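Residues per chain are reported as follows:
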Amino acid sequence: MQEKKEAEIFLKYFLGSHGNQFVSVYLNMANPFFRADPVSSFAVKYPFFISVLDAGTGLFRKDCLFRKKLHLAFAISECVCPDREKFLPLIKPGPGIPGIVFHSVLSFLKAIPGGILLLFL
Amino acid sequence: MIENIETDILIVGSGCTGVIAAMSLAGSGKRVMLLDPGVGPENAPRFPEEGTFEKIRLSEADQLKLFLGNNGSFFFQESLGTGAQFTSSRKFISEKTDELIPYRSKNFSPMESLATGGLGEGWGLGCCIFSDAEIQACGIIPDGFKEHYQWVADRIGISGAKDDAEPFTASALDNIMPAFPTDATNSRLLASYNLRKEKLNRNGFFLGRPSLALTTEKFNNRGPYTGRDLDFYLNENQSAWRPSVEIPRLVSEKNIIHKRGLLVKYFHESESGVEVFARDIKNNTAVSVSCQRLILATGPLGNARIVAATLAPDKEIDFPMLCNPYYYLSFLNMGRLGKSPGEVKTGLAQLSLFHDQSATEPDIAMASIYSYNSLMFYRVVKELPLAMKNSIPVLRSLLPAMSIAGVHLPADNSIGGTMKVRGSLSESPTVEYNYPLNSLIKQNHLLRIKKFRKAISSLGVWPLGISDPGMGSSIHYAGTLPMGKTEKYLGIDRSGKLAGSNRVFVADGSGFNYLPAKGITFTLMAWARKVALNV
Numbered sequence: 138m139q140e141k142k143e144a145e146i147f148l149k150y151f152l153g154s155h156g157n158q159f160v161s162v163y164l165n166m167a168n169p170f171f172r173a174d175p176v177s178s179f180a181v182k183y184p185f186f187i188s189v190l191d192a193g194t195g196l197f198r199k200d201c202l203f204r205k206k207l208h209l210a211f212a213i214s215e216c217v218c219p220d221r222e223k224f225l226p227l228i229k230p231g232p233g234i235p236g237i238v239f240h241s242v243l244s245f246l247k248a249i250p251g252g253i254l255l256l257f258l
Numbered sequence: 111m112i113e114n115i116e117t118d119i120l121i122v123g124s125g126c127t128g129v130i131a132a133m134s135l136a137g138s139g140k141r142v143m144l145l146d147p148g149v150g151p152e153n154a155p156r157f158p159e160e161g162t163f164e165k166i167r168l169s170e171a172d173q174l175k176l177f178l179g180n181n182g183s184f185f186f187q188e189s190l191g192t193g194a195q196f197t198s199s200r201k202f203i204s205e206k207t208d209e210l211i212p213y214r215s216k217n218f219s220p221m222e223s224l225a226t227g228g229l230g231e232g233w234g235l236g237c238c239i240f241s242d243a244e245i246q247a248c249g250i251i252p253d254g255f256k257e258h259y260q261w262v263a264d265r266i267g268i269s270g271a272k273d274d275a276e277p278f279t280a281s282a283l284d285n286i287m288p289a290f291p292t293d294a295t296n297s298r299l300l301a302s303y304n305l306r307k308e309k310l311n312r313n314g315f316f317l318g319r320p321s322l323a324l325t326t327e328k329f330n331n332r333g334p335y336t337g338r339d340l341d342f343y344l345n346e347n348q349s350a351w352r353p354s355v356e357i358p359r360l361v362s363e364k365n366i367i368h369k370r371g372l373l374v375k376y377f378h379e380s381e382s383g384v385e386v387f388a389r390d391i392k393n394n395t396a397v398s399v400s401c402q403r404l405i406l407a408t409g410p411l412g413n414a415r416i417v418a419a420t421l422a423p424d425k426e427i428d429f430p431m432l433c434n435p436y437y438y439l440s441f442l443n444m445g446r447l448g449k450s451p452g453e454v455k456t457g458l459a460q461l462s463l464f465h466d467q468s469a470t471e472p473d474i475a476m477a478s479i480y481s482y483n484s485l486m487f488y489r490v491v492k493e494l495p496l497a498m499k500n501s502i503p504v505l506r507s508l509l510p511a512m513s514i515a516g517v518h519l520p521a522d523n524s525i526g527g528t529m530k531v532r533g534s535l536s537e538s539p540t541v542e543y544n545y546p547l548n549s550l551i552k553q554n555h556l557l558r559i560k561k562f563r564k565a566i567s568s569l570g571v572w573p574l575g576i577s578d579p580g581m582g583s584s585i586h587y588a589g590t591l592p593m594g595k596t597e598k599y600l601g602i603d604r605s606g607k608l609a610g611s612n613r614v615f616v617a618d619g620s621g622f623n624y625l626p627a628k629g630i631t632f633t634l635m636a637w638a639r640k641v642a643l644n645v
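Quick mapping for you: the protein sequence lines, in order, are chains A and B. Numbered per the numbering used here, the first sequence spans residues 138 to 258. Numbered per the numbering used here, the second sequence spans residues 111 to 645.
Honestly, the hints are just simulated from the structure, not real lab data. Keep in mind the model is a prediction, meaning the values are calculated, not measured. A virtual CB, placed ideally from N, CA and C, is assigned to each residue, including glycine. Check the hints yourself; a few may be wrong.
Here are some of the chain A residues that sit facing chain B, going by a computed Cβ distance under 7 angstroms [as the list claims (entries may be wrong)]: (1) 191; (2) 192; (3) 195; (4) 207; (5) 208; (6) 211; (7) 212; (8) 216; (9) 219; (10) 225; (11) 226; (12) 234; (13) 237; (14) 238; (15) 243; (16) 244.
Far from chain A, some chain B residues (derived; all Cβ distances over 10 angstroms) [to be verified]: (17) 137; (18) 207; (19) 330; (20) 359; (21) 370; (22) 422; (23) 428; (24) 526; (25) 570; (26) 580.
Next comes chain A alone, as it looks inside the complex (with noise of 0.2 angstroms):
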């Protein structure tokens, strides 16, 4: 059961409504791989909260399962979402040094709370 809201938030978190539908992928390529952990159980019992976990574990906790699974429904995602091109430099270029700029920012300050909920995690 546990495992099941683990991949319907971390989808979502990723793609919106439409992640429901690849919730039997997830669970199918996780399931010889992933076992409960502190982290994902708090993102799942507070999913507002998953934000500002991708960014602290990105920072402070690289190798935690958490950012496994997470890795996990990226990958899914990537291949599944609607928008792909937004994965496509060649169809979509980036946003520029600007861009870059915004978005490693408001990556630091979401690892501030991030961190600090790791903490008691």
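Let chain A serve as the given structure and place chain B on it in line with the hints.
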């Protein structure tokens, strides 16, 4: 009940060296058999015959199967650290190795293959020529060796350029096709090098186009490379030379027998011939092959397993082992940030940077420079210190501006890498690798890597980082059966013959006493040709 097969010459291993040995023996009037465990790409996802990477990404319905493999199995395999070139389509190359040739190690992760074509199916296609000093350090007599390079080049088809890298690459040979153009990011690097090359050359650095086993013009039955940016997924027009390109031709036109599905365990040599004992990997039955001459071409690690089980079953043998240290450097070309990657896109090496720090010693190091093409974002997103969701626009800007240098360093016996094998006639051998790098050696490696970083940075790009994928990741191994002027137990002589044997030859890098940093595959193929002529 043992099935028995007979042939005149048996070649064990159908990778680049095994196939070149077979090509050399075709037409000799002898019955030649090429034998391998036969794992194949039958279950690999099939890519469309038309369209570029972008077009396929936009239009194909089943992207999950294409890029993550059946049931997504590939996602987890690659997470374990295999190279970028091993994609869902190439997963078969390392399939079944965990099960059939297991090993233990705390500090070494080798990659082996049980596939038809072996590791050659994922080869980066780089063709380098070793200097006489390097050839000699390997243990080979340099006189006449260049003829073998040319023989191989004439058959596999090589493209390259006459530039500063020429002395190190196969571009110095005859009949070389023009190189495929570089993309916008690497063209800037090359232009920048041409402006600053005097200083770089003084410091021993030489940059140029790599020579690749890639046809850029029509060549025999193969077509030219078109640059659809699908290099890691399919081999369009068979423009990349791989064993799988050659084997069907050997079978249909040269009467070579290709026997798949057998994993060789050991052999027994007598006055009348050699009997090779193998196991059918599908139904686990025993098979024996009788031959007059045996050529081992399973790679240095595979050969050590076979030789251990043959010469000293149930005893432990320490084989020496060489492996090139390997590091990645990444760079950002600020002028290309946020720009479109441009129409020329290729996942193959676009530039080669050689560092010849002492013109008299065979200690050249080499970097192959790539762009991040035909690969998905998910493969790099986990490396960024950012939220994955925020990484998407960042990567879209960064990747077209990024160059990645894979740096190989030379390896000799000073490190003391070993492969401990307890061979067995009935069971799988137990294998333990040990490749200890003390802090001084590691420090020396990093010093050299930093020289590369400084040299590439001087071309107007920003260094991003150095990453160490660990020992074994170079996939270049050698030296388990060292070559000597005289016969030495557990070694080979300069004709490739196994010590103590009259009928068994070794056609791969098992005998090399030194592992230059330049891509080794082309030299291994030239060596396989030389050995085949001695058989």
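Now the hints, each set against the structure:
With 7 angstroms as the threshold, the beta carbon of residue 191 (chain A) comes within range of chain B, its nearest partner Cβ sitting at about 4 angstroms, so the hint holds. Interface hint status for residue 192 (chain A): upheld, as the beta-carbon distance to the closest one in chain B is roughly 4 angstroms, under 7 angstroms. Satisfaction of the interface hint for residue 195 (chain A) is found here, the shortest Cβ-Cβ separation to chain B being roughly 5 angstroms, below the 7 angstroms cut-off. Proximity of residue 207 (chain A) to chain B holds as hinted, the smallest CB-CB distance being about 6 angstroms (cut-off 7 angstroms).
About 5 angstroms separates the beta-carbon of residue 208 (chain A) from the nearest beta-carbon of chain B, less than 7 angstroms, and the hint is met. Here the hint on residue 211 (chain A) is kept, as its CB sits about 5 angstroms from the closest CB of chain B, short of 7 angstroms. Because the smallest distance between the Cβ of residue 212 (chain A) and any Cβ of chain B comes to about 4 angstroms, under 7 angstroms, the interface hint for this residue holds. Against a cut-off of 7 angstroms between C-beta atoms, the interface hint on residue 216 (chain A) holds, since the closest Cβ of chain B lies about 4 angstroms away.
Hint status for residue 219 (chain A): violated, given a least beta-carbon distance of 11 angstroms to chain B, over 7 angstroms. Proximity of residue 225 (chain A) to chain B holds as hinted, the smallest CB-CB distance being about 5 angstroms (cut-off 7 angstroms). Residue-level restraint check for residue 226 (chain A) holds (minimum Cβ-Cβ distance to chain B is 5 angstroms; threshold 7 angstroms). With a least beta-carbon distance of about 6 angstroms to chain B, the hint placing residue 234 (chain A) at the interface is held under the 7 angstroms criterion.
Using the Cβ-Cβ criterion of 7 angstroms, the hint placing residue 237 (chain A) at the interface with chain B is satisfied: the shortest such distance is roughly 5 angstroms. Taking 7 angstroms as the C-beta contact cut-off toward chain B, the hint placing residue 238 (chain A) at the interface is violated, the least distance being around 10 angstroms. Interface hint status for residue 243 (chain A): upheld, as the beta-carbon distance to the closest one in chain B is roughly 6 angstroms, under 7 angstroms. Among the interface hints, the one on residue 244 (chain A) holds; its C-beta lies about 4 angstroms from the nearest C-beta in chain B, closer than the 7 angstroms criterion.
Every CB of chain A lies more than 10 angstroms from the CB of residue 137 (chain B), the least distance being 47 angstroms, so the non-interface label holds. Distance check on residue 207 (chain B): its Cβ is at least 18 angstroms (rounded) from any Cβ of chain A, clearing the 10 angstroms threshold; non-interface status holds. Its beta-carbon lying about 33 angstroms from the closest one in chain A, residue 330 (chain B) satisfies the requirement of being farther than 10 angstroms from that chain. Every CB of chain A lies more than 10 angstroms from the CB of residue 359 (chain B), the least distance being 36 angstroms, so the non-interface label holds.
No Cβ of chain A comes within 10 angstroms of the Cβ of residue 370 (chain B); the nearest lies about 29 angstroms off, and the non-interface call holds. Residue 422 (chain B), annotated as away from the interface, keeps every beta carbon of chain A farther than 10 angstroms; the closest lies near 39 angstroms. Taking the minimum C-beta to C-beta distance to chain A, about 34 angstroms, the non-interface status of residue 428 (chain B) holds against the 10 angstroms cut. No Cβ of chain A approaches the Cβ of residue 526 (chain B) within 10 angstroms, the least distance being about 30 angstroms, so the stated non-interface status holds.
Annotated as non-interface, residue 570 (chain B) keeps its C-beta farther than 10 angstroms from every C-beta of chain A; the closest such distance is 16 angstroms. No Cβ of chain A comes within 10 angstroms of the Cβ of residue 580 (chain B); the nearest lies about 15 angstroms off, and the non-interface call holds.
Of the numbered hints listed earlier, those contradicted by the structure are 9, 14.
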